[in-house]
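Trainee: Residue numbers (this note's numbering), protein chains in the order written: chain A, 965 to 1104; chain B, 214 to 528.
Keep in mind that the hints are not guaranteed to be accurate.
Some but not every residue of chain A turned toward chain B, in silico, with C-beta under 8 angstroms [what the hints assert, rightly or not]:
#1 Met1019
#2 Leu1022
#3 Glu1076
DMTMM-like mimics (lysine to aspartate or glutamate), calculated; alpha carbons at most 25 angstroms apart, straight line [stated by the list, open to error]:
#4 B:Lys282 / B:Asp245
#5 A:Lys1030 / A:Glu1079
#6 A:Lys1030 / B:Asp332
#7 B:Lys345 / A:Asp1034
#8 A:Lys993 / B:Glu348
#9 A:Lys984 / B:Glu392
#10 B:Lys345 / A:Glu1031
#11 B:Lys345 / A:Asp1021
#12 B:Lys347 / A:Glu1031
#13 B:Lys347 / A:Asp1021
#14 B:Lys345 / B:Asp361
#15 B:Lys347 / A:Glu1098
#16 B:Lys345 / B:Glu370
#17 A:Lys1030 / B:Glu256
#18 A:Lys984 / B:Glu388
None of these hints come from the bench; they were simulated from the model.
Where a beta carbon is used, it is the ideal one built from N, C-alpha and C, also for glycine.
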Amino acid sequence: MRITQGCFSFLPDLTDDQIKSQVQYCLDKGWAVNIEFTDDPHPRNTYWEMWGLPMFDLRDAAGIMKELADCRRVYGDRYIRLSGFDSSHGWESVRISFIVNRPKEEPGFRLERQEAAGRNIRYSTRAYATEHPEGERYQS
Amino acid sequence: MAHSNLQAVPSDVPREEVPSSVDLRREFETVDIASILAQLDRELIGLVPVKTRIREIASLLLVERIRRKMSLASTYPTLHMSFTGNPGTGKTTVALRMAGILHRLGFVRRGHVINVTRDDLVGQYIGHTAPKTKEILKKAMGGVLFIDEAYYLYRPENERDYGQEAIEILLQVMESQREDLVVILAGYTDRMERFFRSNPGFRSRIAHHVDFPDYTDAELLAIAELMLAEQNYRLSPDAREAFIRYIALRKAQPLFSNARSIRNALDRIRLRQANRLVSNLDRILTSDELTSIEAGDVLASRVFSGGSDNPARQS
């Protein structure tokens, strides 16, 4: 099951050239671009880990593409996303975020039904990947 | 992570027709380096060998650009440079112009200059240097990284100095990301020579060594007049005579740093001129008086009484 979230989620995966143009767009807007990765694909998992520090004051996408290549080398079997943080007054938040890397196999989610009192059913989703401990979830 | 079936846009866009001939003049005019070279001639006095060299580099890059258009060039030219010369000979100014030229010709994408020294690259404890250097390199991507007094990076007397680590990262990026940034090293001639001798990797990665000569007395005077004209001042004929003598005397003193010393001298001369004007309050000032620098303003300098005009030692 192909996980989608953030910007461009209805598009096929971006090529490196397309990622580069998006990054350049963010930099031209004055946003700081960050690289984050995770191996817990649950949609409510908002706490992804950061690759290095947020990159402020960059002018050209080449530096970020280099970092992304480094991150892929180490965590190529996980989800990696880029986010653009706008530090200007009044915004001070993430303006764009999109997935740039995903595991080869994405096993998807199990839907769990819990029978509660009075014939109520509670639903929850659990990623098959998270049955393994962190770091062993996507073996490539 | 290669999802060949999910890649968005196929890359086989119809290729542009490769031209077999190019109108050189039109090419020259479209990139408009003539104006930037003319500006260089106008605003930088003297420095004939440097200007010649920059003209040569600009021509080479223009030809290279055309060759790339005609798909004759396969490799990316090495553009890293080293600027050597005494203090105040215009190395930083030329580096800024160089970034402009490279940007016009499309050899750097953004054309900004990141000006750094050892402090910005080398960390203070183990593991601090690599992220620090990489941070600076990332900021310089698409532009020019100007490393002033580059020889301080290498400190042979301390074998545990972290400078070596910064040098290694620099060398690696200078080689592998040639199309992303241009590195310009600058420093005094003799120390740069020693630096290159102990770091042969740098010498071989630098394509253009440019040496900045000292200015002659006449050039220094021209620089002074240009600086004054920019600030709407002018030397009276007597003051001009005095300033010619000042240059000769100041040059013989230690710690003379060419155009920078001249700028400092002019700052102090303006100070004295202002003081002279304010000392007599009961009169009407004309704009002529405000712009004119008199011989007395120049002659009050300590240089004429055999003292030093070095600001560090002046009270």
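Trainee: Determine for every hint whether it applies to the structure shown.
Mentor: Going through the hints against the structure:
1. Met1019: Holds: closest Cβ of chain B sits about 6 angstroms from methionine 1019 of chain A, inside 8 angstroms.
2. Leu1022: holds (6 angstroms)
3. Glu1076: Nearest chain B Cβ about 29 angstroms off; hint violated.
4. B:Lys282 / B:Asp245: Within the cut-off at roughly 17 angstroms; holds.
5. A:Lys1030 / A:Glu1079: violated (50 angstroms)
6. A:Lys1030 / B:Asp332: holds (24 angstroms)
7. B:Lys345 / A:Asp1034: Answer holds: lysine 345 of chain B to aspartate 1034 of chain A is near 16 angstroms, not above 25 angstroms.
8. A:Lys993 / B:Glu348: Between lysine 993 of chain A and glutamate 348 of chain B the Cα gap is close to 20 angstroms, so the pair holds against 25 angstroms.
9. A:Lys984 / B:Glu392: holds (15 angstroms)
10. B:Lys345 / A:Glu1031: holds (14 angstroms)
11. B:Lys345 / A:Asp1021: holds (14 angstroms)
12. B:Lys347 / A:Glu1031: holds (10 angstroms)
13. B:Lys347 / A:Asp1021: holds (13 angstroms)
14. B:Lys345 / B:Asp361: The given pair, whose Cα atoms are some 17 angstroms apart, holds under the 25 angstroms limit.
15. B:Lys347 / A:Glu1098: Between lysine 347 of chain B and glutamate 1098 of chain A the Cα gap is close to 29 angstroms, so the pair fails against 25 angstroms, i.e. violated.
16. B:Lys345 / B:Glu370: holds (23 angstroms)
17. A:Lys1030 / B:Glu256: With Cα atoms ~38 angstroms apart, lysine 1030 of chain A and glutamate 256 of chain B exceed 25 angstroms; violated.
18. A:Lys984 / B:Glu388: holds (21 angstroms)
In summary, the structure is inconsistent with hints 3, 5, 15, 17 from the numbered list given earlier, while agreeing with the others.
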